[in-house]
Amino acid sequence: MRATLCTIGFAAVMVTGAGAQQASRTQPVQGMRDNGTGYHALVGARVVTGPGQVLDDATIVIRDGLVQAVGRGMEAPAGARVWDLDGLTVYPGFIDAHADLEMDAVPEGGDIGPTHWNPQVRAWFSTTRNLADDEDRRAALRSQGFGTALAVPKEGIFRGTASVVNLGDEGVRERVLRPDVAQAIGFQRSLELGGSYPNSAMGTIALMKQTLMDADWYMRAWDAYESSGRAFLPPETSEALAALGDAVQGAQPVIFETGGEEEYLRANRLASEFGLQAWYRGNGHEYRIIDVLRGRNEPLIVPLDFPDAPDVDDPEAALNASLADLRDWYLAPTGPAQLADAGVRFAITTDGMSSLNDFLPNLRVAVARGLSPEDALAALTTTPAEWLGVDRTHGMIEEGKVANLVVTEGDLFTEEATVRDVWVRGRVYGVTRPAQIDPRGTWRIASTDEWGFEAILTLEGTVNRLRGHIDLAVEPGAAEGVRIPLASASVVTETGRIEARFDGEELGYEGTALLSGSVRGDEFYGWTSLPNGADPSFRGTRTEGFEGPARGTVAMDVPEIDLPFIRPMMDYGRSSIPEQPAAVVVRNATVWTQGPQGMLEGADLLIRAGRVEAVGMDLDAPGGAVEIDATDKHVTPGLIDPHIHSGVSAVNESGFAIVPEVRMGDVVTHNNIWMYRQVAGGLTTAHIKHGSANPIGGENVFVKMRWGSLPEDLKLENAPRTVKFALGENPKRRQGRYPDTRMGTQEIIRDHFMAARDYEREWQRWEETGEGLPPRRDLRMEAILDILDQELLISSHGYRADEFLALVRLAEEFGFRVQTLQHGVEAYKIAPELAASGVAAVVWSDWGAFKMEAYDATIYNARILIEAGVVTSLHSDNSEIASRMNWEAGKLLRTGLTPEQALSTVTNGSARAMAIEDRVGSLEPGKDGDFVIWSGNPLSQFTRAEQTWIDGRRYFSLEEDAAMRDRIAQERTQLIQAILSAEGNGGRNVDTERN
Amino acid sequence: MTRMQQPAITGTRSRVLGMAGMAGVAVAVLWAMAPATLGAQVRMTVPPQSEPVALQGATIHTVTSGVIENGTILLENGLITAIGADVDIPAGTRVIDATGKHIYPGLIDAYSTVGIAEIGAVGVSNDVNELGDFNPNVRADVAVNAESRHIGTTRSAGVLTTLTTPGGGLVSGMSSALALEGWSWEEMSIQSAAALNVNWPNPNPRRFRGFGGFRFGQQGADRPSYEEQVQQLKDFFAEARAYRDAVAAGEEVRSDSRYAAMIPVIDGVVPVVVAADGAAQINDAITWAQEEDLRIVIRGGQDAIHVADRLVAEDIPVILTSTMAAPGRQYEGYDGAYTMPARLHEAGVRFAISGGSGSLYSNRLPFEAGVAVAFGLSEEEALKAVTINPAEFLGLDDRVGSLEPGKQATFLITTGTPLDMTTDIEQAYIQGRELDMNDIQKHFFEKYMEKVRQYMRRVIM
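Chains A and B, in that order, are what the protein sequence lines are.
For the first sequence, the residue numbers in our numbering are 1 to 995.
For the second sequence, the residue numbers in our numbering are 1 to 461.
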């Protein structure tokens, strides 16, 4: 009978091994030395020496922490302690390439010394110098098979340096393998470190860029100081900038911890912009950009934290499950396999798991969902060993390598295996104790007292989860007997006791019967306690051993569901971006060109290679052109919304009052259902704006609604750069931050305008003379200079006439022009002034009264502005309203504007206001092939968009929408059924088959 | 049209202008445009109808009795006394030629805060949410500011009756039906206790957003569980019933204005409007209402289609609050809210459409209904959803909601359907009063067009 294990973990060191050798150890020994021989022979095991390499019945000889020999048919050398591992499997010790050892707690009162002005920049923090990791954490990692880890600091944005350590219990001086090998960076700030800036995704990226540039400057500034013979005062001292020197020169890896596939893409852009040697801690969403990752070679370290299943417990709950969540539940466990299939090398980490105990079970899930055991092992051994620069000593079981081993009962990747021991540098750490007894099998039991009965007791299942039944066979072996299932059964292996319960009904008693007993070998002495109070005792003899497999195998237990790749990986995602026909001709429509041709009835629109070729009557189309009959339909340019906030991961960087260095373009997200809804409403171009928390906010970004594209591909090419300003209530309502008044708002803007000119002069002086410290590039000042030079156009939030007029005059004072006022609820009050200054107005139709400064709203705003000659556009400032801008324009009909004037506020007027009229806004030859086919007059409440085209590609049509809905419904149904059929419903999408 | 209205209409409505970029053209037109708009006034309240009035020649959309081409509508003492293609006009009647125009009943917004909310973020300007979870005794009408700017803009959009509704807590208080004309709330209120409002608790608090000022009273970490809140509601109704019975039995009980206010509700005289959006909420609310034997109307109804069979079987009407909205769930069609009225109609559910896209914006009600037409509902049904249907659900159909003899003379003169912005609302009557169609937005228009004119003169001179 095979011995089994009980899983009660214990972490006692069973034997002291050889630590560092005497001659290379600095600490004197106090008292008696406690060395042991450090000489071990592990015999009889199946040894997986490396990925895909197996030696059956092999011997491993360990001496002084190293593998001295490994091979088949070797005798254990004399003097070695022999470990009989018959029936067990040995793997190389695992390496966690991104381990959180919980060692960088923030000191009380914060960091001290000349570190960095921003508490989130802790690049100076060294995991080696601060090695004080948590003993329980090490033991927990060992229990999952790990012997080595890259200890990564986790606090702040620039987090400090990561070190390769072993996970043994020697003193800290023995544990470090490679000190401070990489800089760690994260996209989440740590609240406990304090500081107000950055508090947004784009602010974080801006800080990263500025800090990397500062690190470069810091080296040059100190060089200049030293090489001048210290002829002037030195630059500031910053441990953080000094620590980043190697990283910015590409001489030290930088590990980005990414929280999603888009953070990966952002980190990747930043790394290429700065020439960093980038590593990435992945996030479990790699499968969503598997096409992008294919062929990439930078180290990628992925977690195994698979999502729980969405709640589908009742029909109403199931209604709320999005396809995005359902697909994530189903697909996330296939992520590692997809990476392997795409030829992407990756390592696997425990980091990011809510519970470390889920690591091995999730690893098996990943294998059950397609990851080969060889690839899984490589991701835990040879791959990280190579990346961490310890492959000469780690990652395989080979002569001369460090004796880091995982001893398991069962196949770690495909079975419910148990880690028995982990060896780290030749020291063994017990993980689970072997079971002392195994009561499974068939027992003939008979009472020894006056109750007199005979029965067959069968115990099966796993030792941890016993199950079984009692057959009350009057005659042994009779086919028809009474079978009583055991309601519960358990064994305490240390004491050899089993305990079980069963229903007394078959015995003729109402209630629960108890059974307990002591097992010794194949003998059993037991008692029962029946519901009537009787307590017969009995003896048993095992007649048959347990024949089933020793442990469960792990297999896929969700149905195969065909879930094709879609982007974004959510509801209404598409399998590829729509094709661009060589030519498209829309026939016989009412075409609102919004250009010099005006509105044409019964006209054709010809698009070639994504651009407008012509609008006119009976146009000749090239052969093979896609022909669309638009009889009774209207065609307009694609709609433009100059002010939305959807489509980015964050909106406000409110950490400082002045933040033009932050860029919305850094945080565009494609996982944005609003974009699909907006394109369905005819919107084709939008200006995504920074929030209004700052007098000078961040740089905005133009996107086209190319639903199904990656973030970078959404951006409008060669678009003008614009920056958000904000006046009035919003920027002054942040407590304790200047400004508190509209007066102060104007002054802080003026002060920064002047500061930027000062900055410019400092640079000019240095460039002319080369004397003194080299100036530092300041992204904020550079952005303000761009504003003053009108390369970064002001797009200012505000409501009241006074504040706008003040800004317009302030700009004039500095010799430039404000591009647009946005919201402009009171723009009509200064319409003549705006017209004279050439400022465009971006306003609402009839939204107002939601706050004090919006109280004087009037639907005639746009009309007055247009009458005064101001370039005027509508905007939504709202994800939902952006999906129906034609109706917003339609409302203006009631103010007396002509239909074309009304439509201009969401097409050509918007394009002019935003300085993108060379590309979009009208159907004129050469402009982008962005148009909408409407069921009727686009300004009517009774009309809807039927097709939306961007760049001559059809991004929305009613037919395709209907087909997508069918597919979504089908996938949701299948996935909900899969959850219901998956046993446990706890988010695991495989289950173990227990025999 | 009356003389009084002329400046307001012609002054604000001029569709003759071309693309205005060319200052020369614009200026010429502006010169022509009148100093008549100088001294534009704010909305005036007009006296009650003093003489019989007949409007002739219009297409009359009665809603309940079809469309009358070239019809006449006769108003006397604020009521419609005759309507048809051939109406005898009594002597002394002022006859107004409405040839080529359309006449529709005034629209009804069954979920509004017009009059009790002024500026969203200025808390002191709003009187919507009373403190506490049980406020059946508060009535909206007594807090209505007859000078609210929103009254004028709402009327200009064709909405002449609102169910002005308090919010907050579990039992928010009584909605009041208001005619949007009068010197004071007293003159405006046509049904002081028109409906009791119950906010059905949310079993999944993060799912549905509240709208505008209609925040639920119980929020935060110490908010009771869904089940506890439902039990609180049941207990409150049980107490109210006991109070009523004790009073009826002549027992001497201490007076309690909250329970006293509940008596017409539990007697089935006043309907209960239950705010419920999720399928579970709607189902649980119906079960509760049946146990309590109440007349209920569901308000919100985002998931009403999932409960349609039951709503039909139990004949429970729904006031939709978000037809012009994004769907609540990612996988739902982009037009999920737009098509909701058509789908409910097909399923046989009775419904009204309210201006729930924002409590301040009853002026958008017509478009909330119009969107349903773009997405499959007939224009006729959409019109009913903002006229006779809400009137019926709230017991106001003897006074408003359609054009019939005996009902109040509350109607619109338009160039076409009021549900589409391609038409114009030219004139409105409330209880026979011919309204001053000015509003604050037109006031600003006239004032600042004058500024434009003055500046242009400076440029030219």
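I should point out that these hints are in silico values taken from the structure, not numbers from a laboratory.
Using N, Cα and C, we set each Cβ at its ideal position, and we do this for glycine too.
Please note: incorrect hints may appear among the correct ones.
Where chain B lies over chain A, by a calculated footprint (3+ residues, C-beta under 8 Å) [as the list claims (entries may be wrong)]:
id, segment
1, 319 to 332
2, 643 to 652
3, 880 to 886
Here is what the structure says about each hint:
{"no.": "1", "hint": "319 to 332", "in the structure": "holds (count 5)"}
{"no.": "2", "hint": "643 to 652", "in the structure": "violated (count 0)"}
{"no.": "3", "hint": "880 to 886", "in the structure": "holds (count 3)"}
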